[in-house]
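If you read the sequences in order, they're chains R and V. Quick note on the numbering used here: the first sequence kicks off at 1 and runs consecutively. Quick note on the numbering used here: the second sequence kicks off at 1 and runs consecutively.
Worth flagging that the hints you see were computed from the coordinates, not collected in a lab. Be a bit skeptical, because a hint or two may be false.
[To be verified] Straight-line C-alpha distance at most 25 Å; calculated SDA-like pairs for lysine to any residue:
1. V:74 <-> R:54
2. V:74 <-> R:63
3. V:74 <-> R:51
4. V:74 <-> R:2
5. R:809 <-> R:567
6. V:74 <-> R:47
7. V:74 <-> R:43
8. V:74 <-> R:503
9. V:74 <-> R:48
[Stated by the list, open to error] Listed next, the stretches of chain V that the computed footprint assigns to chain R, with coverage defined by at least 3 CB atoms under 8 Å from CB atoms of chain R:
10. 45-52
11. 74-88
All residues carry an ideal CB built from backbone N, CA and C; glycine is no exception.
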Amino acid sequence: MPPGWLLRLLDPGTRRDAFEPAWHDVAAEHRERMRGARRGRRVLNRLWLRMRGWFLLLQCLSLQRRLSSVQQTSQRTGMMEGTARDFRFAARALQRRPGFTVLAAITLALGIGANTAIFSVVRSVLLRSLPYADADRLVVIWGDNATAASTRDPHAPETVQDYMREVPAVETMAAITPQWSFTLVGDGAAAERVHGFYVSGTFLPMLGVQPVIGRVLNAEDDRSADAAPVAVIGYGLWQRRFGGAESVLGSELRTVGGSATIVGVLPASFRWREEAEVWIPVVYNSFWSTGGRRVRLYEIVGRLAPDATHERAQAEAARLSARLAAEYPENLEGIRARVVPLLDDVVGPVRRALLVLLGAAGLVLILACANVASLLLVRGDGRRREVAVRAALGGTRRRIARELIAESLLLGLAGGALGMLMALGGVRALLPFVPAGIPRREEIAIDGTVLLFTLALALATGLLFGLAPLLEAFRADAAATLREGGRGASPGRRRARAVLVVAEVAVAVMIAGGASLLLRSFGNLQRVDPGFQTERVVSMDLSNLPADATERITLMESIYDRLASTAGVLAAGEVSRIPLLGGNITSRLAIEDRPLPQEEQPEIDFRRASRGYFAAMSIPLLDGRMFEAGDDVTAAPVALINDVAAERFFPNEDPIGRAVSFGGGQYLTIIGIVGGVRHLGLADAPRPEAYVHTLQGSASNPQLLVRTSADPRAALPAVRTAIRDIAPAIVISRVTTMEEARALALAGPRFNTMLFGLFAALALLLAAIGAYGVMAYSVAQRRREIGVRLSVGARPRDVAAMIVRDGMKLALLGLAIGIAGALGASRALRGLLYGVSPTDGLALGAAAAIIAVAVMLACLLSARRATSVHPIEALRVE
Amino acid sequence: VSDLKIPDLSHLQFLVIGQLRSGEASGRAIRETLRRFRVRQSGPAFYQMMARMERSGLAEGWYTQEVVEGQVMKERHYRITPAGAAAWWECRSFYEQAIAEGPDEEGLAHA
């Protein structure tokens, strides 16, 4: 429905009697059309519904007017006829200059289309409220951990309870674990790995989630872990595993290691950060009762009290965290609370990239408007004589203005319609490239408000510059214009066109500069060595393994033996966290002979790995020795560290043979140094890392890596068979090749670079068209002068050089301003670049050179046209 | 013919009440009928006419409500009133009488 303030244009009677029932019909038709429609069609349908709403409003306004006095009606009919005549006249005028019309419409369409597409993404992701009740008052409390250089530290159970009690500005709070994996068994169905969260009972009611059937978790479920566990399941799991039957309520959800009674099903539309299909009260999470202040695992989400502000919540939480850090330094030293609005927390990682892209799209719109302005100014010059003739014949200012306005409006509408098609196509084309990491990806849809805004801007530009010839005709002496024959532009207009060319070149350089920087950064990222080889490696999660550690180790060893004899498998091993696939565990490092209080011990990334892991990932051994089969539970405990840890914690010392412990556990002897890997992302340098051998303590759900001799996907069936032969009950999930993981890590920068590159190409095209238009017109105006020069013996080459010189003077000024602007704006790109400075001379120089060449080509083309005419013909034009 | 009173109903109103005589109907259904008679009228214009008919006591309108996939869908329905039925009969009698008393086709042809 159109916005309420616009509906207020209707009197209450018309709104009640005419608009509302008609709107309900349109909405009902829309609903019928949406049933079973494909995604693309749904987007179109929604846009269509919005347009129908606007159209209904216009129809009602027209009805309302028709009902006013008869006299007014007759006057209006006369005016309507006049308006129709104006539009017919304008359409004919535009038809007479098809080149101009098409160029102007396409220019507008590019600006409108690009802006609408990118702003639709930005609005869907950044600006729209999250789909939760009273979402603007939801906040997240993180720990800002200076020691671990982390700004999103979760909290330990006892700390969560302190926050719940002592931060009154946040009235409701809930604790949530990170995404948890559950292996579902029983029900006669195959074992299945699903994800979910342990949450406080207050969590789902706080977000306003309504169950499809049954109930959601509530505060009663937080009372005690002694009661029988309950669970709420997701819509997909309900349909898939329970056939969508209502009898699921009260039945058991059996997982490896426990079971819970299903009490409700959540709607399909509900989402929380990551994929989740199982929701269990946090009191049943094993670390909730044992974690004390040590296990920092829980995110806190809360709702601000009605009278509280974000600042007050921050102050209260910070006070509490400072007190807790002083009371429990061994666990909480250096951790300060940080209260963040939920929307900022969800979209924070992509905010800068999207805003920079939005800025670039805005610059393209400015460029498009400048181009249309320059085209209209050129055209206006040609029409000065026509306007002067009509003014001299008694044409009123109002009448001529109406025709010019009609022309600009028609042009704007044509550009708008084309732009809308481009925006629709643009959003559809963009969607597959939107990286999976972008939050709220599924909510992205074309935005009607943006479309209207850009259209209005384009129309306003058209009107402003379209009316220029009229203003001039009435300001200047019409007789003088007629005598002059409408030739030549006034100095003011020449200056205006020169300013436009300079501005266009400057804006184009800014966009191209940004694109060039991102391109270099992307090239650097692509060349980055992650510390392991991604080719021909496939990873997978294994679950439903024996609970007993010894049995598990024996089983995994049998799997490795079988894989070793499987055709196409070169190496296989396991690790507790795979690089680039998310998730990290850190631990406090204690070094024997260097006693430090716990709070001062450095943090180190901690992994459990089998000896085959390093071979599968091709992580080199730099010193010492690798894990061996003999390094089992009966042998002395051993560890490997990476070169970064060796340099940081043992500078000028040999770490091999030194004893270290992790998180206050037993001491292990360092037996070797391996190469560092980029665990968190390609742009993040390797961090200090330690590995302990799985034979001395295995992970309950290992992540398996297999290196193959050919395409790893082709080898998968053989790998699955080998695993199932040994352990038929094992569940294999999240199968990903490391090449895919690498591509995923590059998806964000690739998306930014691609879009920026697209904008740069648009900018280049628009700037070249703009420069060509202005130069061509300027050459046409100087035809007589060129004819005289040629007839008195000037060489065509000299004339061409003169024209190019004139054009390039403007271009050089634009380049200089553009480079200065790009340097000024480059700060916005900081954080998006890798291995290249935002003020990189090479990148900006290359961008400027490309724009300069494009403008020079435009000037050369104009010059060639000017000098190809015979001097006599050039003189005869007069 | 001279003592015949011109009926109060317009052609459109005659058509609408004609349909409502066979039972209540939604606005959409009535518009569909009008379309069959090649009446092209915008939604707002149609509903404004219906509102006028309601105010004149010729028809009664009300909203029905249905929840579809969590969204409330409303639709306007109409039924004829006794006054509407009387007006329709009056209009119909007028045309029947006008046809009966008017010049026959031959007379028209010679007029």
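Going down the list of hints, with the structure as the test:
1. V:74 <-> R:54: It holds: about 19 Å lies between the C-alpha atoms, which stays within 25 Å.
2. V:74 <-> R:63: At roughly 23 Å apart (the allowed maximum being 25 Å), residue 63 of chain R and residue 74 of chain V satisfy the hint.
3. V:74 <-> R:51: holds (20 Å)
4. V:74 <-> R:2: holds (17 Å)
5. R:809 <-> R:567: Answer violated: residue 809 of chain R to residue 567 of chain R is near 69 Å, above 25 Å.
6. V:74 <-> R:47: holds (21 Å)
7. V:74 <-> R:43: It holds: about 23 Å lies between the C-alpha atoms, which stays within 25 Å.
8. V:74 <-> R:503: Not satisfied, since the Cα-Cα distance of roughly 53 Å exceeds 25 Å.
9. V:74 <-> R:48: holds (20 Å)
10. 45-52: Since three or more residues must qualify, the claim that chain R covers the stretch 45-52 of chain V holds, with 6 doing so at under 8 Å.
11. 74-88: With 3 residues closer than 8 Å to chain R, the stretch 74-88 of chain V meets the three-residue bar; holds.
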